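Asks: Chains as they are written, first to last, in the UniProt record's numbering: chain A, 1 to 660; chain B, 1 to 660; chain C, 1 to 660.
The set of hints was computed from the structure by calculation and includes no laboratory data.
Hints may be right or wrong, so weigh each one.
As the list claims (entries may be wrong) - Think about it this way: if two alpha-carbon atoms lie no more than 27 Å apart in a straight line, the pair counts; the simulated DSSO-like pairs of lysine-lysine are:
| id | chain 1 | residue 1 | chain 2 | residue 2 |
| --- | --- | --- | --- | --- |
| 1 | A | K173 | A | K132 |
| 2 | C | K160 | A | K542 |
| 3 | C | K160 | A | K102 |
| 4 | C | K102 | A | K102 |
| 5 | C | K102 | A | K540 |
| 6 | C | K102 | B | K160 |
These figures come from a predicted structure and were not determined experimentally.
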Amino acid sequence: MSAKRKQTLGVCYYPEHWPRERWETDARMMAEAGITHVRIGEFAWSRIEPEPGRYDWDWLDDAIEVLHGYGLGVVLGTPTATPPKWLVDSMPDMLAVGADGKVRGFGSRRHYCFSHEGYRRECARIVTELAKRYGRHPALAAWQTDNEYGCHDTVESYSKAALEGFRNWLAQKYQSPDALNRAWGNVFWSMEYRSFDEVELPNLTVTEPNPAHAMDFQRYSSDQVVAFNRIQTEIIRAHSPGVPIAHNFMGRFVAFDHFAVSRDLDIASWDSYPIGFLDRDTDDEENKLRYLGVGDPDNQALHHDLYRSCGQVRNGEIEGRWWVMEQQPGPVNWAPWNPAPFPGAVRLWAWEAFAAGAEVVSYFRWRQPPFAQEQMHEALLLPNAEPNEAYEACRQISAELARIGAVAAPERSDVALVFDYESAWAWNIQPQGRDFVYFDLVLRFYRALRQWGISIDVVPPEADAVSGRRLVIVPGLFSGTNMLVEALATGEAIVLLGPRTGSKTKDFQISEELPPGPFGRLIDLNIRRVESLPPFADVKLKDGGRFDGWREFLVPGTGTTVHRASIDGHEAHVSQGRVHYLGGRPDEETAKAIIGELLRESGITPLDLHRDIRVRDNGSLRFVFNYGPETVDVSAIANGAEVLFGEALLGPREVLALRR
Amino acid sequence: MSAKRKQTLGVCYYPEHWPRERWETDARMMAEAGITHVRIGEFAWSRIEPEPGRYDWDWLDDAIEVLHGYGLGVVLGTPTATPPKWLVDSMPDMLAVGADGKVRGFGSRRHYCFSHEGYRRECARIVTELAKRYGRHPALAAWQTDNEYGCHDTVESYSKAALEGFRNWLAQKYQSPDALNRAWGNVFWSMEYRSFDEVELPNLTVTEPNPAHAMDFQRYSSDQVVAFNRIQTEIIRAHSPGVPIAHNFMGRFVAFDHFAVSRDLDIASWDSYPIGFLDRDTDDEENKLRYLGVGDPDNQALHHDLYRSCGQVRNGEIEGRWWVMEQQPGPVNWAPWNPAPFPGAVRLWAWEAFAAGAEVVSYFRWRQPPFAQEQMHEALLLPNAEPNEAYEACRQISAELARIGAVAAPERSDVALVFDYESAWAWNIQPQGRDFVYFDLVLRFYRALRQWGISIDVVPPEADAVSGRRLVIVPGLFSGTNMLVEALATGEAIVLLGPRTGSKTKDFQISEELPPGPFGRLIDLNIRRVESLPPFADVKLKDGGRFDGWREFLVPGTGTTVHRASIDGHEAHVSQGRVHYLGGRPDEETAKAIIGELLRESGITPLDLHRDIRVRDNGSLRFVFNYGPETVDVSAIANGAEVLFGEALLGPREVLALRR
Amino acid sequence: MSAKRKQTLGVCYYPEHWPRERWETDARMMAEAGITHVRIGEFAWSRIEPEPGRYDWDWLDDAIEVLHGYGLGVVLGTPTATPPKWLVDSMPDMLAVGADGKVRGFGSRRHYCFSHEGYRRECARIVTELAKRYGRHPALAAWQTDNEYGCHDTVESYSKAALEGFRNWLAQKYQSPDALNRAWGNVFWSMEYRSFDEVELPNLTVTEPNPAHAMDFQRYSSDQVVAFNRIQTEIIRAHSPGVPIAHNFMGRFVAFDHFAVSRDLDIASWDSYPIGFLDRDTDDEENKLRYLGVGDPDNQALHHDLYRSCGQVRNGEIEGRWWVMEQQPGPVNWAPWNPAPFPGAVRLWAWEAFAAGAEVVSYFRWRQPPFAQEQMHEALLLPNAEPNEAYEACRQISAELARIGAVAAPERSDVALVFDYESAWAWNIQPQGRDFVYFDLVLRFYRALRQWGISIDVVPPEADAVSGRRLVIVPGLFSGTNMLVEALATGEAIVLLGPRTGSKTKDFQISEELPPGPFGRLIDLNIRRVESLPPFADVKLKDGGRFDGWREFLVPGTGTTVHRASIDGHEAHVSQGRVHYLGGRPDEETAKAIIGELLRESGITPLDLHRDIRVRDNGSLRFVFNYGPETVDVSAIANGAEVLFGEALLGPREVLALRR
Ligand SMILES: [Zn+2]
Ligand SMILES: [Zn+2]
Ligand SMILES: [Zn+2]
């Protein structure tokens, strides 16, 4: 169930980059293409407040009026990602410091330290001014706080402000240095502290710092993002009642806890650049080449599901909202290489998002700027203001949205895949094998589910989130709460745990009962040894498939069943009742096989899909996507359903919409 | 036409490294090998001025006398690349600062910041002393200022002196902060400045700085090299009338504008290390292996042509002079690996330079030092003073020079290839695809021309330089002046533009008319999209060949002709009248095919050469070079001409000299 | 001959990590497994002295008593590798500074600068307290100074203390700046100093520093390790008469002169992690895969032989002692990937060490800690105190030791392989080809000897060490003393020199007589040219085999014999009388062939071994090891000998013990 909001298009717009005379035309063209939402303002501090305390509202008043005149809803960004030079010069210690000890200077963006009290006060001031002036404006559709928290590795700062903040945070958490010493195990290597003021930041140590130290610093840093954001949301709610607040998260970014920030957001949104992300998603060149101009078939989808989940944190499943705040319209400027989208890809991306329940898909950006850092980033319009390809795609998409009366109607999935930010930090701090990456591990299971045609919920490791499911996948969960274990124990879902799940306490210690720690309640098993393996080695399984890079040596109890074993004679996949444990990182073949078995065990019927085909349900609608280079016959999927648009002989990067 | 100076050999000599008693023998052996020019002094500051203000001229007086006694001409270097420790200690802020913010200390060479006024004053002092003492000495053949400006990445310094200098430079260029803000597009990301004193250097920013900011800093830095050099040349001209001034440029080095520095030079020279450079020229291991001991067949040649052009900046085509100031005689010490030259390679290199019109080919260095950083760098003599291989090569080459009465007589070529330092900076700042390197792009076209047997002029993007040609190639030219466009429009040359040519204004903004900007006057075309592609992808062309890494989407006007298209259906090579545009980075096959067509269109007859063979004309002489491992029959080229030396069955790394 | 001490097992134990109640059980279990030696204390400073000047001995008294109660000998570590935070805060400049100029902070271990006088005083104080309290305790079996000097690249520090120390050291060595200038060749690039106070540390120079400068700094840094260690050994000897002193060296670590430190040690020991080291030993993936869970078959063995040699420096061959202080028991945490040992590997490692004459093989560590940096490092016990695999291996090994009455009885080998720390520094400073690594060069010859079944002595470049041998191998020896040359000249051994042997003077200058410098007395030869080659090139030899990466151009005298030549026509391997010179870096095939010839020439009968088989003699015992994955029939080796344990059909990672 959901509130079933209408699905629509948006765009990011920078009126301050263009002559006043042009705005009218821009607004008209937006409306003509079916765009309804326009994000503005998020980098405009130097135009809003050109000198300390002198505000210039005229241009922004005008811009909002012009947009309003064409019925466009305004998404107003707070400009705190780009403090002007005069502000930085007034308190230079607001700049963040990198892990290398260097001040990160002015000259681009995000040049601030989240811990700096002075900068927080300045942000509160400018947000208050903005919220007072526009908080009740009829054009206002939503707020966006700041922009892409953490972009360019800016969550962690190793500044004096951060050091002081961290010491206070530790004092509050542990109350006594002895408690901290015990929790971290500081007796090891004589790292014991006599006072919180002796604690340093975990950078520039001779060799790696204590992982518990690094973990607490990551938690502290994440908490500063939450606090920084909350200052803004509290001010906005006070001055702009009823207007939803969003932030635009990023792809493959885990340096702060997005669920925690989402507690203060009405709308979770993210910035989706499928081609730009492709370079990071895989090092498989055959796949990269196949999907060069369309992106990994599962990466965007995973983020959609994750951020839909974030959007439900504050207001629940029914009122929860999620958007794509920035959608790639053409080649970007920031990846190592920047290919053009394949024909059809721009439209496919929009429908993949709508199929996942997105309310708004908003393009970045309206018109390609001729100047500055992003001049090579394409937009809906060319630098000379002529429509570019994606502008035409907008026309088509908005017509289709209207034709099918599209609404955001995501339903709770039978399948939940647990995603946990602390786990991402933990395995980043302690990979134990160079290529062990938490996000990649989750993606392997997500991909397998998608390959079987499943619509998935990606959820936090919480009791509510997993209860009432038929299948719950919990890969690599650093630590587990008793409540989560209890929920899994009392539910009826088939559960897949591991690898590494439950292997640590919250204090980053190995569980006293040995891994899987508290999950040992669900399955009689312990893990006495793990090994990581270089890419040229692997663990072959008896019935085909393999683990790559990671393998655990399971000691299962007598009540367990062995489903898979390695050819060197070790248990690889065991179960007891509804609960399975997987002792390694599965390759694509193995992941797909296991997930297929578990789906059937859960009573869910998987679809047998072509490698390039993906399927997604939104309410009563089913969408079929072809990410590949060839036409694929998907009539078996379409079977019996009403075709809303598209064809069962589904062309490359084409979409088929069905009513189930 | 040229002044037809005699061609001859030189050597770099460090009398201060050897006992006084040895100098006489050295001079005699130089003369015996046919060497006529000896460069000395350029690292000897600590011997010339062992303590502040106390000069020791005796040894240098003697050294010059000894050389003079054997009829050797002296090339006297100013010692400003190696300020002594006492000078650095007297003003430590003269040290440059790296982009990482670290001071670049004493202990090797080039430890100074070009912007530092105090160091400039010290240089003026020592150069004045030198020029006064030796400026009219009869042995003096030429001066060399400093040594290898910019070696070890020393053009850019991020020091306090540079910051102050940069702010003044910007103030002079833009006159008002608003003008700077508009030119750079600082409204983007609130980077606007209220005063020039707010501008910082473009290093240590959170993410990339504004490309316009980076570009102006590169221009500023280049200007400091020009100014630094001019201080010396003005002093020298005052005290040493009529003696030509040289500087020794480097290979594949573009961090300052060599044409601009050359305005103050009578002789452009460069330091040619064919084997050392091979590691950077290509990552094609088959080619690297084939040319391991001889170097890339086209890289040295391109530099010869470029620096010949530099040598003509101040005094024109007739009086212009160029030398190889340092020529590799054996293995060097500084490349990742340092192979020995193949038999014949040392002689081939000399003749390749002479064929390109070099007046002097000077070896680095006379005798291999047993000590310090370059002890593994071979020389004409072994450390124990016995002749090494290259000494014997000198004997042979000087005999051949005498036999054929060689003079420097380069003629203006029908073919001009435009080379532009600002373009190298621009695409370094904004490659848009990781492997887009301007120098490499130029080399692709240069190589194709050489493969067709053409002698080429490599010229600056100026009207004079392109006029009167039959074929002009303009690859990747960042920006274009109206005068250049006018010259191309009114000339009769076939012109090849692109890729990326004319895509930016001088302010590093996308041209208002879209690329190719002002070159759109020559051909009815605009470029609405570009894409960069990783090495495992490419753009295949319909009739064979391909673009690698870079492709543009052309929108040609109705009056244009399409010569090539991609198999995915986009125009790749179009023309209108005499003017062609190429929309991608051509692989070797494609470059060769296109250049072949354009040569024929220009009425120039290409030669059909074996892959290892290169041909070069100097006045009435034609030289044929075999860079390969096998004997090649070149009698078709020799056909009818008088053989001066060499054979038509041309052995590996052998040279054939013909009179046309 | 040796003192024939009993061979036994040890373990590293951290009582401070576990509850007092557990210690008794631990001690009992140790004794039960046959462990006799327990190392404790080396990271416990914060527990011994929790606040400045307040000592807490109770726990350590107790721990020693408990161990003593079970008859266990205590190896007591000084805790100077982990100074507590309060000490660091009391003098922050005791922290080392990295080559990048950054202070290396508190938060892990080894956070100190060897040059810091204040820290040396603090170490003297804590060691005095420890030595006074426990120096005559009956349980005390040995001392260990500090822990793994130099781990995490901590030998070199670029601190103020180091700068001052270095200047003094230079003043003492050279007496006058002129002498230093001459020795370093500072006239090159005007690097001359007028006073020792002008000399800087060799980091952060614009380009590479003078190699002589770098070399002297490495010597200085090594000397500080020696001096730092000697402060401790002198105090210990004063307060703990008769108790031997050890230090635990590392694998593949050469940053200080271990022979020099060993002058103050009674026992040389090292920390052997065969799997962890595998990643660095080779980039041959086929080999890495074959030996993934057992380690390189020759790397540990080489270290055993090297440190056995170190152990004889102070007390001579008979009284010399060596241990493995830390032996890997399972996966570790610190390599890029951390595979588990193959079945049998743990036992094989122990026997390889005992076969090489180790007195104690001590496991690291007793019980896997659940906390801090090494929580993923396995131990004899699991974190939950259950025995892990290696505990069971200990039982078996100690039973076997008892059964055969094993004693350390290494005999002087007929074959000496010279190892020299200065050479490692020299070729690190001046590799001349990117992949030239001294350790790797030595390993190539060592491996060839092992492949022929030879037990080897790895010795310093000293006359005593090489005299009385039948075969002496001297690869890559930077410089040579007259005494060494004299010893080789007057002995009767077959000698193999080169490549690079004798190529420099101690001042890092090329020998006046050209390489091989003083070794030219032994063979009439000089080397006029060297070349380094990239991995895709090589030098093929006429009768098969090749040099990779390095080749010298030999000019042999008339009295020499040519044994090998390259297919491009250069001498590659020549000899005169007993002395051979090899002019390149041999590949495995070539090294094996040459060593085989030299063994026969020396009258030593090589064994023809399977690729995975190694043989080692200890006194009258012979051990045969199978490092490979298949069973190998070694009955030809066993022929006639009494089998102590194991079988002639030797299984994977199995050991066969024979009495000869
Ligand atoms: Zn971003
Ligand atoms: Zn240079
Ligand atoms: Zn260590």
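Asks: Would you mind marking each hint as holding or not holding in the structure?
Replies: Verification of the hints:
no.: 1; hint: A:K173 to A:K132; verdict: violated (36 Å)
no.: 2; hint: C:K160 to A:K542; verdict: violated (61 Å)
no.: 3; hint: C:K160 to A:K102; verdict: holds (21 Å)
no.: 4; hint: C:K102 to A:K102; verdict: holds (10 Å)
no.: 5; hint: C:K102 to A:K540; verdict: violated (45 Å)
no.: 6; hint: C:K102 to B:K160; verdict: holds (21 Å)
The earlier numbered hints that this structure contradicts are 1, 2, 5.
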